[in-house]
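Here's the letter readout for the chains.
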Amino acid sequence: MKKVLLATTMLVAGASVAAADVTLSGDARMGLSNGFVTAPGALDPTGFTSRARVLFTMSGESDSGLSFGASFRAHDAAGAANGTKGSVFIQGAFGKLSMGDVDGAANAAVGHVDGVGLTGLGDLNESVFIANGGLDLGGAVTGDPSALYEYSFGTVTVYASVTQPTFDYTQPIALTLSGSALAVLPGRYQGDAYGLGAKYTIDSYTVSIGYERLELGRLVPAAPAASVKADHWIIGGDATFGDFTVKARYGKADVSVNNAAALDFEQASLSGTYKMDALSVTLFASDAQFTTPAGANAAEVRAIGLGASYDLGGGASVVGGIVDRTTQAGAAAKQSDTAFDLGVSLKF
Amino acid sequence: MKKVLLATTMLVAGASVAAADVTLSGDARMGLSNGFVTAPGALDPTGFTSRARVLFTMSGESDSGLSFGASFRAHDAAGAANGTKGSVFIQGAFGKLSMGDVDGAANAAVGHVDGVGLTGLGDLNESVFIANGGLDLGGAVTGDPSALYEYSFGTVTVYASVTQPTFDYTQPIALTLSGSALAVLPGRYQGDAYGLGAKYTIDSYTVSIGYERLELGRLVPAAPAASVKADHWIIGGDATFGDFTVKARYGKADVSVNNAAALDFEQASLSGTYKMDALSVTLFASDAQFTTPAGANAAEVRAIGLGASYDLGGGASVVGGIVDRTTQAGAAAKQSDTAFDLGVSLKF
Amino acid sequence: MKKVLLATTMLVAGASVAAADVTLSGDARMGLSNGFVTAPGALDPTGFTSRARVLFTMSGESDSGLSFGASFRAHDAAGAANGTKGSVFIQGAFGKLSMGDVDGAANAAVGHVDGVGLTGLGDLNESVFIANGGLDLGGAVTGDPSALYEYSFGTVTVYASVTQPTFDYTQPIALTLSGSALAVLPGRYQGDAYGLGAKYTIDSYTVSIGYERLELGRLVPAAPAASVKADHWIIGGDATFGDFTVKARYGKADVSVNNAAALDFEQASLSGTYKMDALSVTLFASDAQFTTPAGANAAEVRAIGLGASYDLGGGASVVGGIVDRTTQAGAAAKQSDTAFDLGVSLKF
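Quick mapping for you: the protein sequence lines, in order, are chains P, Z and G.
Counting from 0, one number per residue, gives the positions in the first sequence under numbering that gives the first Met the number 0.
Counting from 0, one number per residue, gives the positions in the second sequence under numbering that gives the first Met the number 0.
Counting from 0, one number per residue, gives the positions in the third sequence under numbering that gives the first Met the number 0.
Keep in mind that the hints were calculated from the coordinates and are not lab data.
The structure displayed is predicted, hence computed values, not measured ones.
Heads up, the beta-carbon is just placed ideally off N, CA and C, and yes, glycines get one too.
Computed footprint of chain G on chain P, listed as stretches where at least three residues anywhere in the stretch have a Cβ under 8 Å from a Cβ of chain G:
#1 22–29
#2 50–63
#3 70–77
#4 313–319
#5 335–346
Below, in silico cross-link-like pairs of lysine to aspartate or glutamate (EDC-like), each with a Cα-Cα straight-line distance of 16 Å or less:
#6 Z:Lys274 / Z:Asp113
#7 G:Lys346 / Z:Asp62
#8 P:Lys346 / G:Glu60
#9 G:Lys346 / Z:Glu60
#10 G:Lys228 / G:Glu214
#11 P:Lys346 / G:Asp62
#12 G:Lys228 / G:Asp253
With the C-beta cut set under 10 Å, the calculated list includes, among others, these residues of chain G facing chain Z:
#13 Ser24
#14 Ala27
#15 Gly30
#16 Ala51
#17 Ala76
#18 Ala77
#19 Gly342
#20 Leu345
Assemble the whole structure, with the sequences as input and the hints as a guide.
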């Protein structure tokens, strides 16, 4: 009773139909992994890792040529039904407008340097962003559906985004960086984050810039008035020289509480990826740090990673990586740990 | 790796195969919405709304020509696996028997007047029903899988339904109407609701009638014996005059506790929809009220809504609506609020 | 907007493409059922049963001819995304390696005698296994993703498996058999189970054997050291004589706590299935018992079941069954109960 999906409708059903369609694709992986320990002294065992996922992609076209669509993963179906997972878009001469669990504009424009490993190994190559990207003080003080607008003219793409304006964050805000708690702001806050970004590509070079701003006002108690604000600038550059691609990102942010400087943030990352036939090797380094207004360390995470991927064809690759992470909370002793994984990555 | 589904198997694989198949369809929407406030004085902000959903539809035919099938949405997969979401059916000369999260017979026969808006704006156009439809004293005192039987002869369709007989409602019953609590019945109840309905269509006119009865007995404590019963009659009429369709519904119910009249219920709704090429405009009004046996107001919800939809072709529409709602709990002051939305609705 | 999937890509898109694909299949059922009472004296009502499920099957092939794939049900999507539901595999000349919610090796090799009923009626025909199969002291002391390796040479298939080595069981262990609590081991344990199995098929005869071992060490408190271990041997035999198939399974296990014998376990089951055209009739009997080292009964479950299935063609069957179950906890009085069901089973 199993059926194989057809590669294209057009060959059979005839072209020129502005058909709306739902298609399936998938990915899976299996292998061994050793993660970062969650606490000093905790067990650090090596175990199995596996997963399988399906992606629904819906697409259509209106009579006037407006493209529209939506996509979400099967395991995100419940979130997609309320706008907090997956995304929906319409696209035309005016650009592309997306809504749902979309990236903020700075994230969409600048993004990340290359990462390593079958499982991502903590995704420590990734830049952090305010709008649903990690700099939002714990990851949940802004909400979806967010909106992202993109417009391309020639080699330039510009982006603008805003998170759900009605999102009501019902818990005290915990300022954290990779698990290190920096401060807790009691009360209940509401607000949103907006972002702007631009990306310019010429030949094999890309430069990008993004700006984001978060503004939260305390809802309960309303008096005395309290606010949390954050600004973030980030720039990026990619360059490809033959088989070698290098990427760099640098960002600076500051967080203020009740309009007084509370924390500064700085992040930098660099990656180099070398492709040779079926083999791809990536090395990256990253550093993200919160400092107090006096310049003392509040929390820092440094990482260096090395990984490789070998394409077996047909959608299968052998992928592995190793990442060394060093964390420091305030003036406490630095903690180092290594994570690694190896296995097969499958695309369907 | 993405594949487009084929519009029909028959063109390629040849006809005359009694194939059992699984197909995909989907819907999505994105826009702005302003909902009803959840409490007097609460924030009433306008924000983003978006969602994306996928529907699985399974169908087959037995050697003797019996049709069978099932369907559920991706985000209802867990409920569909235990019979509380989606539905399963078999259909033949005997009629159609469905099981799962099916409508009660009165709901299936009479249904609702037309609604407005991208998001439904509270679905205040909808009639309430006993069997999984709102009159079941909070919405959860009966359970699924329910069973619905339909049989059509000529222009008449008859319906019969019953909710899960073994459903055990483990909480005190809260009598509510649109959030207004009317009474709480302590203890733990078990029971079911059954329904009957009929629909007669001639030319562009449809009349419909439905009856439902709920019977709950107290399980814990068993003594002294306690019961909750409700009866509901509802009638409907639809008429289409050229591009204009008018629909009306009227229903009356009474709820008894321990065989003594506890609450009366009355509901009426009316809608008019005018279609002109790609444009469709709908206006509706509805009123639902619980009264005490003495005739005093227990809770009332009135609504009036206006909406429009413009078909862009290919499955896309621009849809918007506005609904004004007035609620009154007992002799308290009336509360009014307006909700509105606007965006694109997409079908795949 | 609904689409029927194409039976095969090859007819249209051309052969010789090592395509990676995602396909859909499904199953559903609806009918009446009367389950086992959950407690003596509880209600034992007959009600509706229905469900609908969709299965995603992904498959691909590497350039060198390595097969790979993954599968999971729609309602298991969240678990499949973290390796605890569904499974992923790669297969080549070296055999087949699967990971995820896979059976232990003994289960894969020996498995179960035939069962009855639309809903399984408690699946009391099923043998219990250590590795994710019931003998794991409550069903959750080992974790997924597990790994299963299979290799076939001629008529022999061998199996080896191990559960997630890093799985950390965070609760006290409750030794139970079909709901009867035998003992509770306080603390927090970590460990895994491994298994070996082999199956030999010649003509219409199959013999199989499996061995499993569970080893758990107490994590908290670490001192004094505490351990839970279990060994399980199981053998099976299937034979088909024309339209009649008989299956038998017999297994013995012992559980030790801190290296002292704690419980012995013995299970035996037998089934006979007779197929005549569209009709299939199955009778089974099973007995599973925990005894103390002194030989006294700790908990026993006996069952006898009778069922029939009539194939309507096209994927539909009428299926029904009845199972009588007798349970005894220690020296307490025996409890008997009967469960039955009847309905249609649908494959898509």
